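Chains as they are written, first to last, in UniProt numbering: chain C, 1 to 175; chain P, 1 to 175; chain D, 1 to 175.
Simulated from the structure, these hints should not be mistaken for laboratory data.
Hints should not be assumed to be uniformly reliable.
[To be verified] The calculated label-pair distances, taken between Cβ atoms and stated as ranges, are:
id, chain 1, residue 1, chain 2, residue 2, range
1, P, S2, C, E45, 51 to 61 Å
2, C, G170, P, P55, 25 to 35 Å
3, C, D95, D, R21, 34 to 44 Å
4, P, P55, D, D99, 34 to 44 Å
5, P, F39, C, G57, 51 to 61 Å
6, D, A136, C, D95, 49 to 59 Å
7, D, T167, P, A72, 34 to 44 Å
8, C, L135, P, A56, 31 to 41 Å
9, C, K172, P, T60, 20 to 30 Å
None of these values were measured; they are calculated from a predicted model.
Built from N, CA and C at the ideal position, the CB exists for glycine as well.
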Amino acid sequence: MSRLIFVTGGARSGKSSYAERRAAASGGAVTYLATAQAFDDEMRERIARHRTDRPAGWRTVEEPLDVPGQVAQMQTDVLLLDCLSLWVSNMLLADWTEDEMLAATEQLLAACARVPTAILVTNEVGLGIVPDNALARRYRDVLGRVNQRCAAASDEAFVLVSGLTVTLKGEKQGV
Amino acid sequence: MSRLIFVTGGARSGKSSYAERRAAASGGAVTYLATAQAFDDEMRERIARHRTDRPAGWRTVEEPLDVPGQVAQMQTDVLLLDCLSLWVSNMLLADWTEDEMLAATEQLLAACARVPTAILVTNEVGLGIVPDNALARRYRDVLGRVNQRCAAASDEAFVLVSGLTVTLKGEKQGV
Amino acid sequence: MSRLIFVTGGARSGKSSYAERRAAASGGAVTYLATAQAFDDEMRERIARHRTDRPAGWRTVEEPLDVPGQVAQMQTDVLLLDCLSLWVSNMLLADWTEDEMLAATEQLLAACARVPTAILVTNEVGLGIVPDNALARRYRDVLGRVNQRCAAASDEAFVLVSGLTVTLKGEKQGV
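In isolation and in its complexed conformation, chain C is listed as follows (with noise of 0.2 Å):
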């Protein structure tokens, strides 16, 4: 039996400090995936802090782009994947089609059904004005239908608000 635990929210809304109280909880071995890829300084910075923020026993992974093939072979009782937004973000810059994206997203689903707890941390995007730009109007269309197909095949979904959560589909959680 595996479990699904779909976390989002905002930028700085506390959703990855919450997916990391669950992961710590759950009290398995953690491997954390990272997405994150380092463009400039300011990306390497936040990488770095939210690499010190994290428990010293987690092994890390970083992946920006094969994520179900990295999920697919790993041995662990808790998967971290943060976050499908970069995720997301990293293909379309790389060009792959929407269909592409949607496929992966299968691929990330099926894989992640081996491991005994999945929690996929990903952000809202889509509540500000439309975006003037045509590239970041793809990006919320592409990544609001790949956060749907997660949260659909969730067993929880939470997202976060001030650091606080709303469930969407579950138990409330007390961590």
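Dock chains P and D against chain C, hints included.
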């Protein structure tokens, strides 16, 4: 007795799909009122894709501005209006004043009270950084007011996040 | 015993109105602390409109930066602070460092603990596309941290959507 259902959410949050499932579940004749106007190819493509996704038996009415007038003369069991946000955008671009838009909203709500079930779909656009341009800020302001008014008048209200519902008012629904 | 109520939401989501209804329902003397600064006519108009919307008996204090200092010396039953988001914006534009802003947040929370009821209004700004400009990204980051800290310290927390409340913490309120 008329029933008003208010459905909001961000871009690609699943709000239209949810509204369509609610309309389909009602069992009655459904009229789909589309407020979208195709100004360019991207929009034309979105509109066409949405149309092919809808059940064949539904009647479709397209009306960018006189939405209250259309609803007032409508004979249907279920009105599915998608969406308030494009209607407000159309009124703003047609140089309606805020008072005129709020008066039209009251006319719409009065007309909806004639229909057994009215489902209003809209967008949340105020949860990003304050937009640079004044028109976008006006749009956020007016749409926010229209949304508040319609939500206040509703019997059930939901916000969609990653395809899942958060109940704002009324009972949680299974569809 | 002091009570801290945290109220967040997007632009025009009804968060100020909700906070004002809660303040009015308390029955005690209310001090309204406004952090807005009028840099231009649009802002001046917004501030004036908000002021005329408030009950005549309330005391109004305007303070863009030394918000903790104002609260520390305040004699009132209810503090309504509207809003944290403009306070953070003011500190950022005054070149405060993130550490200084977070320290000021702790001072504010300590000062609020002296007031029987403190209601903090703020904005969610992190649910759109990542902003182009670095200052806006810094603002999202710092405000997100300030919001998380205040929400964590609160007894009740709500996010407003289209004028309706979602309870983040504490019991659902009827006002």
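Results of checking the hints against the structure:
no.	hint	in the structure
1	S2(P) x E45(C): 51 to 61 Å	holds (56 Å)
2	G170(C) x P55(P): 25 to 35 Å	holds (31 Å)
3	D95(C) x R21(D): 34 to 44 Å	violated (51 Å)
4	P55(P) x D99(D): 34 to 44 Å	violated (57 Å)
5	F39(P) x G57(C): 51 to 61 Å	holds (55 Å)
6	A136(D) x D95(C): 49 to 59 Å	violated (28 Å)
7	T167(D) x A72(P): 34 to 44 Å	holds (37 Å)
8	L135(C) x A56(P): 31 to 41 Å	holds (35 Å)
9	K172(C) x T60(P): 20 to 30 Å	violated (40 Å)
The structure fails to meet hints 3, 4, 6, 9 from the earlier list, while all remaining hints are met.
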